[in-house]
Structure formats: C-alpha cells, structure tokens
Amino acid sequence: MIKIKNHETGETILNCDSLVNVNLNDLNLHRAILVGYNLMNSSFVKSDLRGAELDCANLSNTNMTECSLINVFAENTNFNEAVLINTKLMSGYFNNSNFQNVNFTSSRACYASFQNANMQQTIWLKADLQGVNFQNSNLSNVNFTGANVEGTIFKNANLCGANMNCVNIDKAIFENAIFNSSTKWPIGFNPENSGAIKVNESL
Numbered sequence: 001m002i003k004i005k006n007h008e009t010g011e012t013i014l015n016c017d018s019l020v021n022v023n024l025n026d027l028n029l030h031r032a033i034l035v036g037y038n039l040m041n042s043s044f045v046k047s048d049l050r051g052a053e054l055d056c057a058n059l060s061n062t063n064m065t066e067c068s069l070i071n072v073f074a075e076n077t078n079f080n081e082a083v084l085i086n087t088k089l090m091s092g093y094f095n096n097s098n099f100q101n102v103n104f105t106s107s108r109a110c111y112a113s114f115q116n117a118n119m120q121q122t123i124w125l126k127a128d129l130q131g132v133n134f135q136n137s138n139l140s141n142v143n144f145t146g147a148n149v150e151g152t153i154f155k156n157a158n159l160c161g162a163n164m165n166c167v168n169i170d171k172a173i174f175e176n177a178i179f180n181s182s183t184k185w186p187i188g189f190n191p192e193n194s195g196a197i198k199v200n201e202s203l
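Using our numbering, read the sequence shown as starting at 1 and increasing by one per residue.
It cannot be assumed that every hint is accurate.
Unchecked claim - Derived lysine-lysine pairs resembling DSS-like cross-links, with alpha carbons at most 30 Å apart: (1) Lys171 - Lys155; (2) Lys155 - Lys126; (3) Lys184 - Lys155; (4) Lys155 - Lys198; (5) Lys46 - Lys3; (6) Lys171 - Lys198.
Please keep in mind that the hints were generated in silico from the structure rather than gathered at the bench.
Using the sequences and the hints given, assemble the complete structure.
Structure, rendered in structure tokens:
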C-alpha cells in the first residue's frame, strides 16, 4: 500500500507496493506530491494531475494520454519516450526536463515553460503551443507540423533538422535560434529575417 500526499485532499491511498509499471488511469491526483518518485512504465490515461509536484521524478515510458498536467511543476523530470497525446499542459513548468522521443500530438501547452529542456525528436503534430517558452532548449529533429506557434519563444533554441511547418510561425520569436539545411520551413518564410542563425554543421 502506498500513500501519496497532496495539497487538495490530504492523501491518496493506492493498493500497490510500487509506482513502477502500474495502472493509475482515471485517478484524481490534483496537487499530488510526487517529487522524486519513480513512476516509469506506469499509465496515467485521463488522470487529473493539475498542480501536481513532479520535480525530479522518473516518468519515462509512461502513458499520459488525455491526462491533465495544467499548472504542474515538473522541472528536472525524466519523460523520456512517454506518450502525451491530447494532453493538457497549459501553464506548466517543465524546465530542464528530458522529453526525448515524446509524442505530444494534439496536446495543448499554451504558456507552458520548457526552458533548457531536451526535446529531441519530439512530435507536436497539430499541438497548440501559443506562448510556450522553449528558450535554450534542444529541439533538434522535432516535428512541429500543423502546430500553432503564435507567440512561441524559440530564443537560443537548437532547431537543426526540425520540421517547422507550423501555423502562425510569423508570430513566433526566433532570436538567436540555430537551424541547418535539414530544418524545414514554410514556403516563403525566411527564419533569418526573424533572428534565427543558420549553421553549417549538424548540432
């Protein structure tokens, strides 16, 4: 039996000996305190994690499809190869976290912060990224096809090899972001006019 403390109801009691590879679907974990927990391979489909504290947790290979991560605190957290399809991430703090190979298709992350994060090879198909902060993040080989990037901050980000065929790209911020010949841009959009810098080597 495991007791998860939270700021909303006091605690949630789970009938399990570990939080690794367990079914945590459809749970109310609003404002749960999971700092440093090992949650790898577990499933949180449609669970409510609004305002949860997930700093330094291991969420690698988790299934968080249709999960609510609104206003979550998840800095220095490992989400490697997790599934976050159609997930709500609005106004969350994900700075310095690892999201390599994560699928964010159709997710909403408006005004969330992913500064200094490792986002390599993530998928953001048709996601809503309005006002998201990706400053200083590694976005190499990321697929942003169809994503809304109005007001999105890519300052100092690595966009080498990324697919930037986004919506409202003319309203995004690219100051000192780097890209290379493998980066794909919408026809007619000149990233250098928006402050991005082309590099010759593949970074």
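Handout entry: Restraint status (C-alpha distance of Lys171 to Lys155 at most 30 Å)
Key = holds, 13 Å
Practice task
Take the C-alpha atoms of Lys155 and Lys198, compute the straight-line distance between them, and say whether it is at most 30 Å.
Solution key: holds, 14 Å
Handout entry: Distance restraint between Lys184 and Lys155, which requires alpha-carbon spacing of 30 Å or less
Key = It holds: about 18 Å lies between the C-alpha atoms, which stays within 30 Å.
Problem - Hinted pair Lys171 and Lys198, Cα distance within 30 Å - result: It holds: about 19 Å lies between the C-alpha atoms, which stays within 30 Å.
Practice task
For the pair we were handed, Lys46 and Lys3, check the Cα-Cα distance against 30 Å.
Solution key: OK: Lys46 and Lys3 at ~20 Å, within 30 Å.
Problem - Lys155 paired with Lys126 [C-alpha distance capped at 30 Å] - result: Since the Cα atoms of Lys155 and Lys126 sit roughly 21 Å apart, the hinted pair holds (cutoff 30 Å).
The structure fails none of the hints (numbered hints given earlier).
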